[in-house]
Amino acid sequence: MPPQLSEAEVAEGAYRPDSEYGVYTHQTATNPSSNNDNRIDVLLFDLDGTLYDNACGYEDEIHSNIFKFMVESKGGKFDAITTLQEAQTTWQPIFEKYNLTKRGLIGEGYFFDSKYYDTFIRKGASKYISADADLRSFLQSIPSRMKKVVFTNAPESSANEILELLGVRDLFDDVLGTDFMGSKYCKPEKEAFYKVLQHLKVTPAEYHRVCYFEDSFKNLKAGKMLGFRTVFVMSNTLVNEGSSTQELEAEQFDAIIHGKVGITLKEIMPELWES
Numbered sequence: 014m015p016p017q018l019s020e021a022e023v024a025e026g027a028y029r030p031d032s033e034y035g036v037y038t039h040q041t042a043t044n045p046s047s048n049n050d051n052r053i054d055v056l057l058f059d060l061d062g063t064l065y066d067n068a069c070g071y072e073d074e075i076h077s078n079i080f081k082f083m084v085e086s087k088g089g090k091f092d093a094i095t096t097l098q099e100a101q102t103t104w105q106p107i108f109e110k111y112n113l114t115k116r117g118l119i120g121e122g123y124f125f126d127s128k129y130y131d132t133f134i135r136k137g138a139s140k141y142i143s144a145d146a147d148l149r150s151f152l153q154s155i156p157s158r159m160k161k162v163v164f165t166n167a168p169e170s171s172a173n174e175i176l177e178l179l180g181v182r183d184l185f186d187d188v189l190g191t192d193f194m195g196s197k198y199c200k201p202e203k204e205a206f207y208k209v210l211q212h213l214k215v216t217p218a219e220y221h222r223v224c225y226f227e228d229s230f231k232n233l234k235a236g237k238m239l240g241f242r243t244v245f246v247m248s249n250t251l252v253n254e255g256s257s258t259q260e261l262e263a264e265q266f267d268a269i270i271h272g273k274v275g276i277t278l279k280e281i282m283p284e285l286w287e288s
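So for the sequence shown, our numbering puts the first residue at 14; every next one is plus one.
By construction, these hints were calculated from the structure, which means they are not laboratory data. Ideal Cβ placement from N, Cα and C applies to all residues, glycine included. Certain hints may be false.
Unchecked claim - Below, computed lysine-lysine pairings styled on DSS-like, alpha-carbon distance capped at 27 Å:
no. : residue 1 : residue 2
1   : Lys214    : Lys203
2   : Lys110    : Lys140
3   : Lys234    : Lys160
4   : Lys140    : Lys128
5   : Lys140    : Lys203
6   : Lys110    : Lys160
7   : Lys110    : Lys231
8   : Lys81     : Lys110
9   : Lys90     : Lys160
10  : Lys160    : Lys231
11  : Lys110    : Lys90
Said to hold, decoys possible - Distance ranges between label pairs, derived from CB positions:
no. : residue 1 : residue 2 : range
12  : Asp50     : Lys140    : 39 to 49 Å
13  : Ile269    : Gln105    : 21 to 31 Å
14  : Asp50     : Gly122    : 40 to 50 Å
15  : Ser288    : Asp92     : 28 to 38 Å
16  : Gly122    : Glu280    : 49 to 59 Å
17  : Gly89     : Ile281    : 41 to 51 Å
18  : Ala144    : Met238    : 32 to 42 Å
19  : Thr216    : Gly122    : 25 to 35 Å
20  : Glu254    : Ser154    : 43 to 53 Å
21  : Asp50     : Ala144    : 50 to 60 Å
Please build the complete structure, drawing on both the sequences and the hints.
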């Protein structure tokens, strides 16, 4: 973890080195207007509930698959889980603690095949997700100089499948998921963001040139703390995470949209289309 700054250092906008990732971490969000610099160079997109609408039903399918996996798995701590209700009851505190089910199960001493788990819980996407011409048009309308990256807590295999189903995989420069992150970190932990930023060669002085699209309040809040421009995608994720519309309004993200990202942003954030 990066060393904590004193109140005086925070007030001065001080930086401290993060030895693990070789980057400098800023403790307060950068305000682009203070630099008179609204240029955006990197578009960082969440996947589920951001590039497609959570209301399509795939999120419910994933949760159902998780609970089935926990019931059907045999050996060790899995033997104590015999019903879907027991699986859900066991899962809830694990997810709240670890922010990622697979990571949480491993951390709590459950043993299973990681690749099989990924395939099992993320199956069924083609039943809910199909080519999205509007999404493709939106992504193509943005100047090509901006790097477009998917940053997700899902495995890359699933992320790439979904992007292919949406018909937009060719429009993204990179897809960073759980294979890239490993089992140590995930969103919304700062270390996960630092690893992505280092990979993309974004320096602390350029954090405000990243625009981050998310349907998770806690994840987007973490991005804002780093100085990212922020676009919140409104869905049932807000309530499911235990957050409120009052908290959302108080956070003052750059933009709030409904359902999934799209061309409606052009009026709210015209800087996304600056060549």
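Holds or violated: are the alpha carbons of Lys110 and Lys90 at most 27 Å from each other?
Distance of about 18 Å is within 27 Å: holds.
Mind checking the alpha carbons of Lys110 and Lys160 for me, to see if they're no more than 27 Å apart?
violated, 32 Å
Holds or violated: are the alpha carbons of Lys90 and Lys160 at most 27 Å from each other?
violated, 44 Å
A range of 39 to 49 Å was offered for this pair. Does it hold for the Cβ distance of Asp50 and Lys140?
Roughly 44 Å apart at Cβ, these two residues keep to the hinted range, so it holds.
Between Asp50 and Gly122, is the Cβ distance one that fits in 40 to 50 Å?
holds, 48 Å
Indicate whether the distance between the beta carbons of Ser288 and Asp92 respects the range 28 to 38 Å.
violated, 60 Å
Determine whether the Cβ-Cβ distance between Gly89 and Ile281 falls within the hinted range of 41 to 51 Å.
holds, 50 Å
Is 21 to 31 Å right for how far apart the beta carbons of Ile269 and Gln105 are?
holds, 27 Å
Can you confirm whether the C-alpha distance between Lys140 and Lys203 stays at or below 27 Å?
Violated, because 34 Å separates the two Cα atoms, which is more than 27 Å.
Starting from Lys234, check that the Cα of Lys160 is at most 27 Å away, please.
Status holds; Cα separation ~22 Å.
Do Ala144 and Met238 keep their Cβ atoms within the hinted range of 32 to 42 Å?
Cβ of Ala144 to Cβ of Met238: about 35 Å, so the range 32 to 42 Å holds.
Between Thr216 and Gly122, is the Cβ distance one that fits in 25 to 35 Å?
violated, 39 Å
In this structure, the hints that do not hold are numbers 2, 5, 6, 9, 15, 19, 20 and 21, in rising order.
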